[in-house]
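Trainee: Whole structure, please, built from the sequences with the hints as guidance.
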Amino acid sequence: MADRAVKLVIDQASKYYETRTGRVHALDRFSMEVASGEFVCVIGPSGCGKSTLLWSMAGLHGLSGGRILVDGRPVDGPNAQIAMVFQEANLLPWRDLQRNIELPFEIRRQPPDRARIDGLLERVGLSGFGAKYPRELSGGMQQRASIVRALSVNPSILLMDEPFGALDAFTREEMNLLIEEIWLETKKTIVFITHSIPEAVFLADRIFVMSARPGRLTRVFDIDLPRPRDVEVTTRPHFVELVAEIKRSIEHKPAARAA
Amino acid sequence: MASVDRELKDTIPTFGKGGDPAQTVDISNWSGLASELSLVKTGAEWAAILLVAVLIIGGGELLLRLYEVPTYIMPTPSQIVGALIKDFPAIAPHVGHTLVELLTGFAIGATIGFVLAAIITQFPFAEKIIAPYVLLLVTTPMLALVPLLILKLGFGYAPRIIAVALASGPMVMINSATGFRRVDLAKIALARSFGASTLQIFLKIRIPMAMPMVIVGLMVGSIFGLLTAVGAEMVGGSFGLGNRLTYYSSLIQMPQFFACILILAMIGISIYVLFYWLGKRWAGWEA
Chain W
1 MADRAVKLVI
11 DQASKYYETR
21 TGRVHALDRF
31 SMEVASGEFV
41 CVIGPSGCGK
51 STLLWSMAGL
61 HGLSGGRILV
71 DGRPVDGPNA
81 QIAMVFQEAN
91 LLPWRDLQRN
101 IELPFEIRRQ
111 PPDRARIDGL
121 LERVGLSGFG
131 AKYPRELSGG
141 MQQRASIVRA
151 LSVNPSILLM
161 DEPFGALDAF
171 TREEMNLLIE
181 EIWLETKKTI
191 VFITHSIPEA
201 VFLADRIFVM
211 SARPGRLTRV
221 FDIDLPRPRD
231 VEVTTRPHFV
241 ELVAEIKRSI
251 EHKPAARAA
Chain S
1001 MASVDRELKD
1011 TIPTFGKGGD
1021 PAQTVDISNW
1031 SGLASELSLV
1041 KTGAEWAAIL
1051 LVAVLIIGGG
1061 ELLLRLYEVP
1071 TYIMPTPSQI
1081 VGALIKDFPA
1091 IAPHVGHTLV
1101 ELLTGFAIGA
1111 TIGFVLAAII
1121 TQFPFAEKII
1131 APYVLLLVTT
1141 PMLALVPLLI
1151 LKLGFGYAPR
1161 IIAVALASGP
1171 MVMINSATGF
1181 RRVDLAKIAL
1191 ARSFGASTLQ
1201 IFLKIRIPMA
1211 MPMVIVGLMV
1221 GSIFGLLTAV
1231 GAEMVGGSFG
1241 LGNRLTYYSS
1251 LIQMPQFFAC
1261 ILILAMIGIS
1271 IYVLFYWLGK
1281 RWAGWEA
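Those protein sequences? They're chains W and S, same order as listed.
Here the first sequence is numbered in our numbering, starting from 1 and rising by one per residue.
Here the second sequence is numbered in our numbering, starting from 1001 and rising by one per residue.
Just so you know, the hints here were simulated from the structure itself, not pulled from any lab data.
Okay, derived cross-link-like pairs now, DMTMM-like style, lysine to aspartate or glutamate, Cα gap no bigger than 20 Å in a straight line:
{"id": "1", "chain 1": "W", "residue 1": "Lys132", "chain 2": "W", "residue 2": "Asp118"}
{"id": "2", "chain 1": "S", "residue 1": "Lys1204", "chain 2": "W", "residue 2": "Asp96"}
{"id": "3", "chain 1": "S", "residue 1": "Lys1280", "chain 2": "W", "residue 2": "Glu136"}
{"id": "4", "chain 1": "W", "residue 1": "Lys132", "chain 2": "W", "residue 2": "Glu122"}
One-sided and incomplete, this derived list gives chain S residues near chain W with beta-carbon spacing under 7 Å:
{"id": "5", "residue": "Ala1186"}
{"id": "6", "residue": "Ala1189"}
{"id": "7", "residue": "Phe1194"}
{"id": "8", "residue": "Gly1195"}
Just so it is clear, CB atoms sit at the ideal spot from N, CA and C, and this is done for glycine as well.
Mentor: Rendered as structure tokens:
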């Protein structure tokens, strides 16, 4: 990664929440650097602060400590360079697909880039679905539409918050292939949050493993599987070994605490 | 950044259906009223509906004639329709008066109710303070205030319009507030992530999200408004359909009395159909 420019820096990020039951320490001095065009996965147990981290990168949350830099500039609010893909597609049910995808342009008071949107819709196999409402589409189609929405404004960084967690296994596999293809074509910088280790190994250049709350960085794995990866990759011994190793690194933590 | 945190209430992001306040059933949830008004489709269904109507109306006519029920107790359907046609010129201005009171009072009440709901739900603390008063307005029959209003304002439109506004406004408000409370953090975050302002989030996310409940509120509010308008007319004054009801019953002109009731029923049904249609149009995504 040393040959590529650093796109995203997270420097000692900490986050506390004040809740009715007291102070929750969500994120504890988490640091990482992501190169331009790199595909990074963050994994960890539920409630380890992965989403907090991502929302902070998107400028939706402030940090209690530390800082986040995009292209060397600190993130202090939503940034046009960054687009987010949410859990469960997060389409607006009262808008058809076309108007859902045009939402970012509407918000920025720009004319929608029709050529780009049509190209993206075609790319993800949703041509001709513009007049459909989200409820008329399958979960996979909804999530593909939300990826189009995020890419329509041509961000340089794509933040993905467990985007395929609610999909069935087959659709999920399909989406993983699609997102890798899109990444290879567009060379966006992607930070992808998941709690599926195989998904992370399949997609990532590097995997950042987080501990349970407060979320700390415990290990970083380099995934040296050749690109483009296909479904075949998942059956190779090296893939299986990587998954097992990462699984061990996560499982060791609670065992060590219990001892 | 501070404003971002305030907007999102800075809680740990949660997703999914759990903990959605709109899911909780409370006194303000009248959504049952908005459910299925099945649209007639086939000829056979039409035939069945017509048959039942003929049976009920014709049967009523037959029984009333058979047992020679006096007109002052219960006029026959044909007498009622006859009175409606014959006396319509005399009744029509009163329909107009009632509609003026209803539309004006409802427009005022609904506007205030909607705006208040939109504002107070943004400030949970303020909502807690005024909630008991809204509940008081919802549960107290505004009809009870009409004698007082007439004392202050005379027998014109004013007391009736105020009573209608007072009856419909809180209904619109309490339902709209339920709608505005349905905050989907992820959808707000989505808009915010593309740089949406607070106003844009309000217009593009919060209002459409609240729309289904707002329409239920408008429907319930307008029907409460109609009840209150007629009731207020019965209390005092010399015009309006409610006044005609007391007038015709005092003269024991029951066919005319029931003709007025028929008109009121048609106004009520029109209101229901109007809001059903609006609901399909603006909130059909939720069905």
